[in-house]
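Novice: Sequences and hints are given; from them, build the entire structure.
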Amino acid sequence: MGNLDYLKLKLSKDGDHPVPYDDGDLAVQESKPELKRPPMYKVVMLNDDYTPMDFVVEVLEAFFGMTREKATRVMLTVHTEGKAVCGVFTRDIAETKAAQVNQYARENQHPLLCEIEVSGGDGD
Numbered sequence: 001m002g003n004l005d006y007l008k009l010k011l012s013k014d015g016d017h018p019v020p021y022d023d024g025d026l027a028v029q030e031s032k033p034e035l036k037r038p039p040m041y042k043v044v045m046l047n048d049d050y051t052p053m054d055f056v057v058e059v060l061e062a063f064f065g066m067t068r069e070k071a072t073r074v075m076l077t078v079h080t081e082g083k084a085v086c087g088v089f090t091r092d093i094a095e096t097k098a099a100q101v102n103q104y105a106r107e108n109q110h111p112l113l114c115e116i117e118v119s120g121g122d123g124d
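Residue numbers (the UniProt record's numbering): 1 to 124.
Treat the hints as calculated values from the structure; they're not laboratory data. Watch out, some of these pointers could steer you wrong.
Said to hold, decoys possible - Each computed DSS-like pair below joins lysine-lysine, with the alpha-carbon atoms no more than 27 Å apart:
1. K97 with K36
2. K70 with K83
3. K97 with K70
4. K97 with K83
To be verified - Restraint ranges, calculated between C-beta atoms of paired labels, are given here:
5. S31 with E69: 44 to 52 Å
6. T96 with D54: 19 to 27 Å
7. Q29 with R106: 19 to 27 Å
Positions of the beta carbon are idealized from the N, C-alpha and C atoms, including for glycine.
Specialist: In structure tokens, the structure reads:
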């Protein structure tokens, strides 16, 4: 609003009688918006008996930015425990990453599958 502190408005009937106005100042305090963290979702990779381990490592590197070492560890977790968390993201990003992995796997004739789960919020 610049230098405009308040606006005084005078009205009159027939131009003869000014209508009294309130000269009181109105104090307006800006409130900070209350921001909440968005709910987070885990992208979970599921094990299958057909997708080659090196393809899984390639996917983890390409879609989740993992180093070869970390991708290998996650791949082994998927293989031995049946599933593993690839990353934790907001819902839109998690859905997109899971869909990209699933599509890429299909394009390469592999049954590899990722799904999303609500994160417990403890940095899963």
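Novice: Hint by hint, say whether it matches the structure.
Specialist: For each hint, the structure was consulted:
Taking the CA atoms of K97 and K36, the gap is near 23 Å; set against the 27 Å cutoff, the hint holds. The straight-line distance between the Cα atoms of K70 and K83 is roughly 15 Å, inside the 27 Å bound, and the hint therefore holds. Only pairs whose Cα atoms come within 27 Å are accepted, and K97 paired with K70 is accepted, the gap being roughly 18 Å. With a CA separation close to 16 Å, the supplied pair K97 and K83 stays within the 27 Å bound.
One distance hint, 44 to 52 Å for the beta-carbon pair S31 and E69, holds here, with the actual separation near 48 Å. At about 24 Å, the CB distance of T96 to D54 agrees with the hint of 19 to 27 Å. Separation of Q29 from R106 is about 56 Å and departs from the stated range, judged on CB atoms against 19 to 27 Å.
Hint 7 from the list above is the single one not met by this structure.
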